[in-house]
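Asker: Protein chains in written order, with the working numbering: chain S, 1269 to 1389; chain C, 75 to 189.
Mixed in with the good hints, there may be bad ones.
Stated by the list, open to error - Lysine-lysine pairs mimicking DSSO-like chemistry, simulated, CA-CA at most 27 Å apart: (1) C:Lys112 <-> S:Lys1304; (2) S:Lys1312 <-> C:Lys144; (3) S:Lys1304 <-> C:Lys90; (4) S:Lys1312 <-> C:Lys112; (5) C:Lys112 <-> S:Lys1277.
In case anyone wonders, no lab produced these hints; they're calculated from the structure.
Here's the letter readout for the chains.
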Amino acid sequence: DTAVSQTPKYLVTQMGNDKSIKCEQNLGHDTMYWYKQDSKKFLKIMFSYNNKELIINETVPNRFSPKSPDKAHLNLHINSLELGDSAVYFCASSQVRSRSTRIHRLNYGYTFGSGTRLTVV
Amino acid sequence: AQKVTQAQTEISVVEKEDVTLDCVYETRDTTYYLFWYKQPPSGELVFLIRRNSFDEQNEISGRYSWNFQKSTSSFNFTITASQVVDSAVYFCALSENFGNEKLTFGTGTRLTIIP
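Sequences and hints are given; from them, build the entire structure.
Answerer: Right, here's the structure in full:
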């Protein structure tokens, strides 16, 4: 059983199109993320959701819109695709406690999906 | 703000040699987590280790070992008796505990093991 699964694995599309990448985790984690890896292999967080609530939005263009229908799913929709959007997009999940507590939280580590290679032509 | 520096962009060693990958981090938090991930040519991110800031014990797992030194803010990774299958890009990452749970990655070190 794949812990964090992303679909599709490869996506080739023309500029201006709208596309979605889906992510599902079966680990029971309460937090999910999207990371982008550019052509130089640099990895940077885009979004994070905790129990369907957006908690991180790292200066990503409005064309990118995450959607979390439940805590096991975090999809990424991209409007009006541009050449610069070509990258590998990784979904991840982790288990952390509620942000409402100041009690020391344990980060049980991240699990990444296998990535979606998006090529915009 | 948190920052991770992997100064070694590329390293090549001959098979069976030992190799150390350096990682230096910056954080204002006293509680944080450090990670190493391996990204082989197939592209997936493979989790290797997580270390919290309270635990400075070095760790060994087979041919892999990690040296965590808070005094120098370093979390170095050593592969002994390297093998061709170790060829990959290795990423060090940092997560601060009291804040958001994002991982801040270093720029990665591409390791090539020459047969």
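Asker: All hints are to be evaluated individually against the structure, with a verdict given for each.
Answerer: Structure-based check of each hint:
1. C:Lys112 <-> S:Lys1304: Holds, because 16 Å separates the two Cα atoms, which is no more than 27 Å.
2. S:Lys1312 <-> C:Lys144: It holds: about 24 Å lies between the C-alpha atoms, which stays within 27 Å.
3. S:Lys1304 <-> C:Lys90: Violated: Lys1304 (chain S) and Lys90 (chain C) sit about 34 Å apart, past 27 Å.
4. S:Lys1312 <-> C:Lys112: Holds: Lys1312 (chain S) and Lys112 (chain C) sit about 16 Å apart, inside 27 Å.
5. C:Lys112 <-> S:Lys1277: This hinted pair holds, its Cα atoms lying about 19 Å apart.
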